Amino acid sequence: MDELLLSKVRLGVVAELLSYDWVAFAELARSLDVTGGNLGAHLGKLVEAGYVEEEKNFVNKRPQTRYRLTQRGRDAFADHVSQLQSLIKAL
Amino acid sequence: MQRIDATEARDHIEMVDRILAESHQRLCTGGEYFIVWGVISAYVTILADTVGHRGLPASALWTVPVVLLAGALFSIVRGRLTRSVLKRSSLLQREFFNVLWLTLGMAFVADVAVFNIFAGLASAAVWSVAEAIVLLYIGMHGNRRAQIAGVLVVVSLIVANFAHPFAAYILAAGMLVGYAGFGVSELLARD
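Protein sequences appear in the order of chains A and B.
Numbering of the first sequence is given in this note's numbering, commencing with residue 1 and proceeding in unit increments.
Numbering of the second sequence is given in this note's numbering, commencing with residue 1 and proceeding in unit increments.
These are calculated hints, taken from the structure and not from any lab test.
Be careful, since some hints might not be right.
[Claimed, not checked] Residues on chain A that point at chain B, a partial pick, calculated with CB under 8 Å:
| no. | residue |
| --- | --- |
| 1 | MET1 |
| 2 | LEU6 |
| 3 | LYS8 |
| 4 | LEU11 |
| 5 | ALA15 |
| 6 | GLU16 |
| 7 | ASP21 |
| 8 | GLU27 |
| 9 | VAL34 |
| 10 | VAL59 |
| 11 | LEU87 |
[Said to hold, decoys possible] Some chain A residues flagged as far from chain B (calculated, every beta-carbon gap over 10 Å):
| no. | residue |
| --- | --- |
| 12 | GLY37 |
| 13 | GLY40 |
| 14 | LYS45 |
| 15 | GLY50 |
| 16 | ALA76 |
[Unchecked claim] DSS-like, lysine-lysine: derived pairs with alpha carbons at most 27 Å apart:
| no. | chain 1 | residue 1 | chain 2 | residue 2 |
| --- | --- | --- | --- | --- |
| 17 | A | LYS56 | B | LYS87 |
| 18 | A | LYS8 | A | LYS45 |
| 19 | A | LYS89 | B | LYS87 |
| 20 | A | LYS45 | B | LYS87 |
| 21 | A | LYS89 | A | LYS8 |
| 22 | A | LYS61 | B | LYS87 |
| 23 | A | LYS56 | A | LYS45 |
| 24 | A | LYS8 | A | LYS56 |
Everything numeric in this text was worked out from a predicted model, so none of it was measured.
Built from N, CA and C at the ideal position, the CB exists for glycine as well.
Modelling step: build the complete structure from the supplied sequences, incorporating the hints.
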């Protein structure tokens, strides 16, 4: 299994990004019901692994960070979920 | 090395299923664009017909590039503003914009660069076809109003084909009722 996606928050982030072109940081924190600091740390690991891309810009003169899933992240998610399902079926 | 048991695995899968089920895939179409481009295409169609057949001086055609430019500027500015306030954008939305710009872009090329082939009413009909494709694409993703609007534009094309003296007016009516009308209905639904 993918070590990185064993964290429920990181798996949730990837699942949130799966159907979207991009999602803003605040929106991810709201959907996953996690604090900004906690989410930032998890996103940092996903970005570092190349699963997620980060884009910083300004909206109404305020900084906004957006995230999108990379193909690598998409493949890792599919493999990981498939292994989770195998584990459940094995019981 | 971190491990996970079957109970946790089920918990994770349930969370993923819930997130995917909640990721709404509705197309955010933006009613304003449809109103602006429906009115512009109808205006250009009627103006060209009036100049060609009803004695309006050709000098009146100078307004065509002006309204087209105004429409393009509005679309660019509105698009940038909309994008800046969105908190997320779906893959389906991106696909929709690809279809929108490809279809309307090709219609624009047909009108501006292939006017010897698509002369007169043919250019208006090309716009109607492009508008019908955009509306029916939105309709394919579950928007009933877009389905009805798309059918209205297609019907206007067919009726115009058999009522040639009034073809420009019928095509323009399709653009106004179908395309611009869909934009109005989207704005009303949003409010």
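Violations among the numbered hints | Hints 9, 19 not satisfied by this model.
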